[in-house]
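Visitor: From first to last, the protein sequence lines are chains P and W. First residue of the first sequence? That's 920 in our numbering, and the numbers climb one at a time after it. First residue of the second sequence? That's 1232 in our numbering, and the numbers climb one at a time after it.
With a cut-off of at most 20 Å between alpha-carbon atoms, the simulated EDC-like pairs for lysine to aspartate or glutamate come out as follows:
1. W:K1622 / P:E966
2. W:K1615 / P:E969
3. W:K1564 / P:D1004
4. W:K1539 / W:D1506
5. W:K1514 / W:E1502
6. W:K1472 / P:D984
7. P:K994 / W:E1335
8. W:K1331 / P:E1003
9. W:K1572 / P:E940
10. W:K1316 / P:D993
11. W:K1293 / W:D1242
12. W:K1539 / P:E958
13. W:K1713 / W:D1242
14. P:K1011 / W:D1576
15. P:K994 / W:D1328
For the record, the hints were derived by calculation from the structure and aren't laboratory data.
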Amino acid sequence: MSVDAATVKRIGRLARIRIEESEVASYQTELNAILGFVEQLNEINVEGVEPMTSVTPMTLRRRDDVISDGGYADKIVSNAPLSEDNFFMVPKVVE
Amino acid sequence: MTDLTKLSLADARKGLKAKSFTATELTGAYLTAIEQANPALNAYVAVTPEQALDMARASDEKLAKGQGGTLEGIPLGIKDLFGTKGVHTQAASHILDGFKPEYESTVTSNLWRDGAVMLGKLNMDEFAMGSSNETSYYGPVISPFRAEGSNANLVPGGSSGGSAAAVSAWLCAGATATDTGGSIRQPAAFTGTVGIKPTYGRCSRWGVVAFASSLDQAGPIARTVEDAAIMMTSMSGFDPKDSTSVDLAVPDFAAAVERGVKGLTIGVPREYRMDGMPQEIEKLWQQGLEWLKAEGATVKDISLPHTKYALPAYYIVAPAEASSNLARYDGVKYGLRVSGKDITDMYELTRAAGFGREVKRRIMIGTYVLSAGYFDAYYVKAQKVRTLIKKDFEDAFHAGVDAILTPATPSAAFGVGDEALAADPVAMYLNDVFTVTVNMAGLPGIAVPAGKDGAGLPLGLQLIGKPFDEETLFAAARVIEKAAGGDFAPKAWW
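Extracted from the complex, chain P is given alone in its bound form (with noise of 0.2 Å):
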């Protein structure tokens, strides 16, 4: 499988990256050269196979229901480019 210009450009739109013209044949060069590295992946049989989701044998923790956490909005606002009231700012979202 191989990306072309309008992937690039799509692709760029769902990670929310600003991709310019200028830079759309370099990308595509790139990301082709490590989806045909990936490629050779093709020549295992993994038929059967269970995909691995915990790499360690355990089944996650679980805790109560409760809060555990948190009273300190302005700590978590502290590092923001932009806040008010312990409110992080954004551009008008709804018109």
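Position chain W against the provided structure of chain P, taking the given hints into account.
Guide: Relative to chain P, chain W alone:
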């Protein structure tokens, strides 16, 4: 007085206990060394002298009373990937500009609990994506090593290039590092230092900037096997805040260092004999086996048939997880924001400006392999291959193998700005060909300096162990370290 920065961590600890010098003196010596060397090596992206001296003074008070933890007064460097409260934590990325966390990562908390002193934050490949430390927003780290008769700058490896260079050039007594595909072991091999990636789950990932969560593990880089063992005992341990942290007692790893290899079976996987591998690496590997045999180990040929598929599977799994983890950098919560005409425009411009080329490339690959219609063909397939890679190792261990010996890297360190590597992303990825299998299987792996190439550059061997059997790795690595007996210190040119 002898140069305090040249002491091993273990010897520095003895000297502090014996009151031969104070933690303030030791820390001061490192700060002076950093000030002098960092303009040339670029190993630190932030130095924290006031905090370091405060911590050292607190250690001196404890040491004076005969108290203190296992790392009391020991100055360490911290990879920029670890969250350190109120201190530069940017994963060497532009997108985290100005980020100073309100929290401390579990691993660094453990180190401070045991009395260690923080010298500053270490350079790295951006978001730990790279094998040469050239993708850092803060510029490349320069290796303290140079080929004999050459003034050309070499890379220290990556992504923990700042950690490896700082340890090797005596700019800290030891350093924290992280390893997703080889990022502790490859730079350790390039700089004549010891680096161990523990079993997945041994060190908490909490508070460490995430790259590929099913592969990321923290570990130490140090100048000796014993130093690495001492650090790892402190860094390890169960943490309820990391859902994949394993609730298992932490042994005193340093106690295992002199245990020897008598009676152990060392596996030699035939698939690691790569076409075009330099003769000197092949020779080093044989030499390592001879050293282990001489100390009573048995050597056994084994097969890990899916080895060649580990790297391609990794370049699906790791970018997929990265594209998901790095979605959080959106110009809203922290770091860089580039304004746009609406919110989507702001996201796209912020991420275009904030991420470097390698990071963007990997997010793009990850987004593609996870997108509708490709998920099964790429991501699920890679997860199945991962199951097979892990089974290869399990079969070897079930057949009686205690540890596996391989080369750590396919070559010695290469030059900064290597044009062939810059032109082909896949060629750079091949640096991790011997290390990435270990991450895919969640196993522990240690890199130990074992020899030098024709130009006097360090070469490392890798030992791979059973899950949670890091002790055997420390013991076997110590045998190699002793037998190699080499001086793996760089000749200071900086």
